[in-house]
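In case you want the letters, here they are:
There are 2 protein chains.
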Amino acid sequence: MSEVTKEPAAGKADTKPDGRFRVHFMPHEKEVLVEKGANLLDAAQNAGVYLNASCGGKGVCGGCKVRVNAGNVKTRYSPKITDMEERHGIRQACLCSVESDLEIFVPKRSRADAGALPDDEGVAARHSVDFAPELRPPWRLDPPVKRLYIEAVPPAPNDNINDLTRVMRALKTSHGIEDAAVDFRVLKTLPREARKDNWKLTLTLNSLRRDAPGGDLEGYAQRRPRIVHMEGSNTAEKHYAIAVDIGTTTVAVELLDVHEGKVLARRSEYNAQISRGEDVISRILYAEKEGGLKELQNLVAGTINSLIDKLLNDTGVERKYVFGMSAAGNTTMTHIFLDLDVRHIRRSPYTPVMFMAPQVPANELGLNLEEYVRVYTFPMVASYVGGDIVSGVVSNGMYLRPELTLYMDIGTNGEIVLGNKEWLLTASASAGSAFEGGGIEYGMRATIGAIDSVMIDHFTAKPDYDTIGKMPPRGICGSGIIDLAAELMVAGILGPDGKFDTSRHCPRLRETEGLTEYVVEYADNTGIGEDIVFTEMDVDNLMRAKAAMYAGYNTLLESVNMDVSDLDRVLIAGGFGRGLKFKNAIALGLLPDIDPSRIRYVGNGSLIGARLICFSEALMSDAERVGAMMTNFELSETPKFMEHYVAALFLPHTEIERFPSVVKRKEKASYAGDKSDAVSTWHGQ
Amino acid sequence: MSEVTKEPAAGKADTKPDGRFRVHFMPHEKEVLVEKGANLLDAAQNAGVYLNASCGGKGVCGGCKVRVNAGNVKTRYSPKITDMEERHGIRQACLCSVESDLEIFVPKRSRADAGALPDDEGVAARHSVDFAPELRPPWRLDPPVKRLYIEAVPPAPNDNINDLTRVMRALKTSHGIEDAAVDFRVLKTLPREARKDNWKLTLTLNSLRRDAPGGDLEGYAQRRPRIVHMEGSNTAEKHYAIAVDIGTTTVAVELLDVHEGKVLARRSEYNAQISRGEDVISRILYAEKEGGLKELQNLVAGTINSLIDKLLNDTGVERKYVFGMSAAGNTTMTHIFLDLDVRHIRRSPYTPVMFMAPQVPANELGLNLEEYVRVYTFPMVASYVGGDIVSGVVSNGMYLRPELTLYMDIGTNGEIVLGNKEWLLTASASAGSAFEGGGIEYGMRATIGAIDSVMIDHFTAKPDYDTIGKMPPRGICGSGIIDLAAELMVAGILGPDGKFDTSRHCPRLRETEGLTEYVVEYADNTGIGEDIVFTEMDVDNLMRAKAAMYAGYNTLLESVNMDVSDLDRVLIAGGFGRGLKFKNAIALGLLPDIDPSRIRYVGNGSLIGARLICFSEALMSDAERVGAMMTNFELSETPKFMEHYVAALFLPHTEIERFPSVVKRKEKASYAGDKSDAVSTWHGQ
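Those protein sequence lines, which keep their order, are chains E and Y. Reading the first sequence from the start, the letters are residues 777 to 1461 in the working numbering. Reading the second sequence from the start, the letters are residues 777 to 1461 in the working numbering.
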């Protein structure tokens, strides 16, 4: 350990009366009191300052670099800190302990910027943002949690049967339900509620499947409806539910009006677990620490609670009328959300605890909902094909159609589903996080300041780009990376081998430390005070990611003796797909070279599926059926996959005849060499 | 309000530093600190001093009289305090508030003497005390909560299904169970327990019925077994359960070895609710007070917890291996135990909340058992025919036999079941508590010092009695009262109209305030320093009680066109029956005049039934069936009942020909008049 001392802030005592230290974060102007020796990354988390600690605080990613403006920290060996940074007080927060009051500056590159999500996200949406609604399976409003109004016959001397039987009789008379079970706690309120409005009552019945399932996807039984709540008088119209997509990066929540069958509001936020690791593997590693699993569970529950609070506030809906909740997430996210051990998911032979969880009372998960709310989680298929995929397939209805559909959810991981109403194959491709900006020098998530769309002028090789929020660029997100690489490739500036063609004298190409890079924007015009560049290393990472996806779906197709020409439809889900230009994704060899009209962006399929099952008991059953229909391919154990993968490590592919449209496009649009847009002009700005 | 001031105890401050007062109880030598103004009866309860507050603290019974030796109390108008008592510092504790430190003396008559239960009760019983075991329905050991050992196949790269499915497969292979559900919390321990001993596991499966029932007795469905606990390695032999009889007066608990199918130990204690009212009506009244229900629930849970602690201590059984619990009680006791509203049970038209409760997690009821223990309560039939009766019928097997059986549980209330394997009729007779010593001047419960057996010398009219514990008599319990009345009646000292025959010059008869009374024992020989007498008022109360029972079973018999000559068997349950001489009960007209060999005492039927269903899933199903078979008669709404009742207000009956054996007995044993045992002799002692 080396001790680093900076002068303490003038006029401030070193310790508070209770012996704790005050840590002040700039430019957030947030403060937190911590014990001596507390971890600085934890302190930031507690102050509500989110850092890009992609590695989960292990010190290897350098994403949590901060500047110590004032005060003392102790720091361990910091592999990501240069001598220059060391001299300027830059430290890796995850490796620092707090030794005095501190003033900490968080540079832009280190900020996770929670809440600054693009577009409709981050604010309440009055109307559903619903991509490709015509793909939905047919459904009618018949929710798995029902509110039913009854008028029971009041007791009389010649009819003094017990209260519960009286209610059950009315339920049978009015709604034909005679086999309902009842929650014990309902019995406590029954006598009072029943007499509040002379035996007029609104009952809430939960007929969610899987009260407590067997382990097999086929092992669940039809359940009796269960009375979970009773209220005097007729309040059946007040009936709301929460649908959640628990993404590794982002948590999206919708507040649903179940009585009307519509979305009232939607919000999303970063999953607060993000400061404990960027991808599922680092989350699992974190969960294996003492108390780590519970901490991660608390973090995601906190994110969901915060979103629910905001949605209720946005809409004025009373919390007590929220009766249902569904949650879709990948296998790891689902396990952590349920506080279940994840360590064996990453250890050979990769075994999750279960594929179908029972319904769990929301408050057992730390969710701030009434005790009668039970949480439904989607069935899972494998360690890396989870409930979010099952939910997505329910939302896009491919399991009901005769046509062959390829469904891809491209995010931190890439999941693939191929099939139709007869069969469904699934696979997970370790795409890396290039599509979310990971492993890309100036990559970033699709938040404010991200370059999300690029065109390259074929005469000047100059980029014409857009940023999210129309702000000066801070980096490049997935769709921008695809555009950039594809346009450079089509223009001939980037070769099919992933190397820049320096022979063309493009003024924006330059060499740094033996690698060629393309300058997307110069420091003076960016929001980070640095040049934003796209390097050959970036191209390499991108190529590996797209090759994994391509090899994945081709392996699945081949296993059923088909190829891409058999595909009737390709559906892209996940935030990455939103700004994606299909022709550029084809040009890179990520998507198959088919008529782009057959390719559709379907939005957050996982969230939409979670929503739909709150409206339709039949679709909830379908989710079980879809889970059971899916056959998972372990690609890493399929030799064909590796062949496809290696062949795809080229732009668009080693067999260019697979991409005839790309050949045509390149013929039309090649950059002819340095003609205008002098480097000096730009450098001079 | 009148303020009563006594000199404070010398050398003691009026208040403690925290402003509370110290209340010291004699002769218990127990102390408690209370706030100024606290109720003195509550203070006694908190100090662990149990008073005979039969009325539940309403000031009308006078059972909680105490003497204020030192200190100040405020007291309200006290109807039960005479001028003499007033002068001697005697107060009704329930009407007093604490105004300083106090020294309180509790006279013997006011002490409930918790723990001083007779016979095998109150101590651990190594062997089952089992009356009439030959009456049990046939059963084999197949408990509703099972512990099953499995050896699952450990995961491998070519077999990496999830942990839960792996366990389910083994459960199917080893035990043929393929539809088990699983508790969510089990999933939390599953990965760890499974790997503790290489996938050797002991599973605990709960297949109790009525996870959550419909309201009708017929409305329950067959349930799937549910895995509630998993433990690495083979511990299947460690398998215990708790059976409880929740009596209005006494709580009896057995610790069962379910693996062996035997009783390990038994204990009983007064239901701590006793200080809040003696009978179910006063308990209901208490429950209607603010917080009263919860208080009563806590009291009975506390009694059960204390008994379980002692049983575990007696036997060395580990608490975590207790997996099941069953509880039988009357409708009010069951409701209160489950913290369910009882107010409508005593209000026309007398509606309980439910007849079949779901299983309830033990710790939701405040029981100190593991979270996986669920409590089964027996089905109920009416507001005054509860789960204890259903349990008793299961234990005596009458629902399986062709013969006609009359089953009577005689306690604070008297419940009657008549029937055979085809049909069961039930009724509840408001017997009053005479059989438990209530409403009898010197009546008491069957505890230490109670006269429980009496013979009258036909020549001297002198009683020859036994007391429980061979102590000087403190009062007379139920069986003693029956003996006393019957023997006096047979001897001709007590007439068939319930009046003493003073013409016979019996030296022990005397008149006090216009009523004739028989002196059972003189003050010098008693344990209370007073004469113990038996009055005409007592006889009247006893006659009403026995008439209610007699009228009850005759009404039931008549409703099926039968009479007592059709009875094949009469079974008596309840503590009262233990010391009962059948010929005396017949002589009084309580029991029908049939061959006494057909009458059996069957012990605590409720407790035995609760025990048996822990051993046999089939008997648990039978309990549901018995509940459904029973047709309840509301005697108060049956005109025939009143006719029978009035006719039975005679000793033994207005129609003496119904009791031929009594006629014969009287002919042989009439007292001939004062011949020896001069009154003076006795008075002189």
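No lab work stands behind these hints: they were computed from the structure. Some hints here could point you the wrong way.
[Claimed, not checked] Below are the DSBU-like pairs computed for lysine-lysine, each with C-alpha atoms no more than 30 Å apart in a straight line:
#1 Y/Lys964 - Y/Lys948
#2 E/Lys964 - Y/Lys834
#3 E/Lys1065 - Y/Lys1038
#4 E/Lys1065 - Y/Lys834
#5 Y/Lys1065 - E/Lys972
#6 E/Lys1275 - E/Lys1357
#7 Y/Lys1444 - E/Lys1065
#8 E/Lys1065 - Y/Lys964
#9 Y/Lys1038 - Y/Lys948
#10 E/Lys1096 - Y/Lys1065
#11 E/Lys976 - Y/Lys964
#12 Y/Lys1238 - E/Lys1070
#13 E/Lys964 - Y/Lys1038
#14 E/Lys1096 - Y/Lys856
#15 Y/Lys1065 - E/Lys1070
#16 Y/Lys976 - E/Lys964
#17 Y/Lys948 - E/Lys972
#18 E/Lys1197 - E/Lys1238
#19 Y/Lys1070 - Y/Lys1238
#20 Y/Lys1014 - Y/Lys1038
#21 E/Lys1096 - Y/Lys972
#22 E/Lys1070 - Y/Lys1070
Which of the listed hints are not met by the structure? Hint check: 3, 4, 7, 11, 12, 13, 14, 15, 16, 17, 18, 19, 21 and 22 fail, others pass.
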